[in-house]
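Enquirer: Okay, here's what each chain looks like letter by letter:
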Amino acid sequence: MTPAVEVRDVRKRYGKLDALDGISLTVEPGEFFALLGPNGAGKTTLISALGGLVRADSGELRVMGHDVIRDYREARRSLGIVPQEIVFDPFFSVRETLELQSGYFGLRDNGKWIDELLERLALGPKAGANMRSLSGGMKRRVLVAQALVHRPPVIVLDEPTAGVDVELRQTLWAFVRELNAAGHAIILTTHYLEEAQELCSRIAMMKAGRIVALDETARLLAAFSERVLRVKFAGCELPAALAAGASLAADGAWRLPVEGAAQVESALARLREAGARIEHLEVAEPELEEVFVKIMANAGEAAPVPA
Amino acid sequence: MSAGFRTLLWKEVLRFWKVSVQTVAAPVLSALLFLMIFSHALSSHVEAYPGVGYTQFLVPGLAMMSMLQNAFANSSSSIIQSKLTGNIVFILLPPLTPGDIFGAYLLASVARGLAVGAGVFAATFLVVPLPVASPFWMLAFALVGSALLGALGIVAGIWAEKFDQLAAFQNFLVMPLTFLAGVFYSVKSLPPFWQAASHLNPFFYAIDGFRYGFFGQSDVPPETSLAIATGTLCALSWLTLRLLRSGYKLRS
Ligand SMILES: Nc1ncnc2c1ncn2[C@@H]1O[C@H](COP(=O)(O)OP(=O)(O)OP(=O)(O)O)[C@@H](O)[C@H]1O
Ligand SMILES: [Mg+2]
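Keeping their order, the protein sequence lines are chains A and B. Numbering (my numbering) for the first sequence: 47 to 353. Numbering (my numbering) for the second sequence: 756 to 1007.
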């Protein structure tokens, strides 16, 4: 099957800075893919190269099999990008903005889909309002709608939830999940790692223009993060048998690595044997944030320092 | 003509039409002020062409000057505004071809030029009745002249990174060239050096040929003027399309 997005050894320099230093990755149709990394990692640059806003110095980028330079019209028809920066044209209303955007893609009579987008993104009451009069979060919703007017098979969201209220964040994710279920590939960048963990089946982490991790979310979590038992108790010291990998948190609770329910049971049994009175107990699931921090710390040494 | 091109053209026309007080009415008013001042100051002294009063002579030149300046302003200001506000991505992300983008900005500039030109004639025709010797030449030069400056405006809009760079382009190139293109005088009245210099100015041919459309008289035969103006337009269009294809300053 043709990949939704194919990036091969893409490089982009700004002066002496390698914004993209040999990026390769593939996103399959229908996938929900996260592109994570600290500020300046090169996420937006990669997305811009995909949309033809930035010309890569070398390497190849394809969207639904179409080269973004040679076959740019087909590539762009297949791609919807929600830009990171809020931009708008103050000359037009929300509906006009969406009608114009449809027209640029050669779509006329797109009114039904525009109505649906307005409704799904809770913009209905603002349809006739001038773009200038919208709040920041509303402008961002219009950007989302604009990226979707042509129903692209590949949707890229560059930090779509920055500055968006909780309610809309939930409506937005419900909508994007639905689009994903209908077969659209979604590429998401975000600094809210719990969003990525919850939504995305595969994750690429970038740092200084390079990919430093690329795997299924579940496998990254399993490899780099552990389930921990957080337990606070009184009446005895930590039994020696539980000391391996244990750490004491600031609130006086112990964090004990556990692999599954059986280990939780045996740890509790040991504590009881030692005469501990348990005051507080919880099992914490693996967190992407932990994975992220570890990977970025490890990648630190390998990453080139820009001159 | 692709649907994308038509939409972009429509958007560009709407963009100036929605603020037509500023983009059409204001330049018509300035042209009228020029007309009042110069016709009052010079009418008794000059007869540019036999049988053509100075005020009559002035109107087509002023109309054309306004058309040229506004055609330039239309494409250049639209592009630089989109670049500075960032909404140029709305045009760069869709599958529009360089030809679509070029054609839409160019024709919108022509539309603005024609609107301003029509406004100047509408505002003056009762006071300064003009003959129309040849509607063909009149229209041909109106179109080619506006297109020429529309294309130049696209180049300037792409090249400029700030408003003051665009203003410099306008103040040091477009304004002098339009003012010195024989709007206020027949270049035949100039000393030989300045006469020759004027003939290097492509805007001169647009104004001279346009005037021929009214009076049937001109400094240069209209065929020559049209050939030169069209040739310049073609060269400039070729350059503009090259810039758009290469992504110069638009796709970094
Ligand atoms: N036009 C440009 N000129 C020079 N440097 C640039 C340009 N665009 C991006 N950069 C640099 O390239 C690097 C990558 O930037 P990019 O915007 O891709 O980061 P990012 O991963 O999207 O970061 P963030 O999370 O902050 O959005 C940064 O160091 C940035 O300063
Ligand atoms: Mg970014």
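Since the hints were derived computationally from the structure, they do not count as laboratory data. Computed from a prediction, not measured in an experiment: that's the story for all the values here. Honestly, I wouldn't trust all of these hints.
With a straight-line Cα cutoff of 30 Å, these simulated BS3-like cross-link-like pairs (lysine-lysine) come out [unchecked claim]:
hint, chain 1, residue 1, chain 2, residue 2
1, A, K158, A, K185
2, B, K838, B, K773
3, B, K773, B, K943
4, B, K773, A, K158
5, B, K1004, A, K158
6, B, K773, A, K62
7, A, K172, B, K1004
8, B, K838, B, K943
9, B, K773, A, K185
10, B, K917, A, K340
11, B, K773, B, K917
12, B, K943, A, K185
13, B, K838, A, K340
14, B, K1004, A, K185
15, A, K172, A, K158
16, B, K1004, B, K773
17, B, K1004, B, K943
18, A, K172, B, K943
19, A, K278, A, K62
20, A, K172, A, K185
21, A, K340, A, K278
Now the in silico label distances, taken between C-beta atoms and shown as ranges [what the hints assert, rightly or not]:
hint, chain 1, residue 1, chain 2, residue 2, range
22, B, S1001, A, Y60, 43 to 53 Å
23, A, G61, B, V776, 40 to 50 Å
24, A, D103, B, W949, 43 to 53 Å
25, B, N926, A, D117, 23 to 33 Å
26, A, G183, B, H954, 24 to 34 Å
27, B, G971, A, A173, 46 to 56 Å
28, B, S1001, A, R178, 12 to 22 Å
29, A, R178, B, L788, 50 to 60 Å
Looking from chain B toward chain A, a few residues come up when the C-beta cut is under 8 Å (computed) [to be verified]:
hint, residue
30, L763
31, V768
32, R770
33, W772
34, V776
35, T778
36, K838
37, G841
38, L848
39, P849
40, P850
We put the beta carbon where it would ideally sit given N, CA and C, even for glycine.
Enquirer: So which of the earlier hints does this model not fit?
Expert: 3, 5, 6, 7, 8, 10, 12, 13, 17, 18, 19, 22, 25, 26, 28, 29, 31, 33, 34, 35, 36
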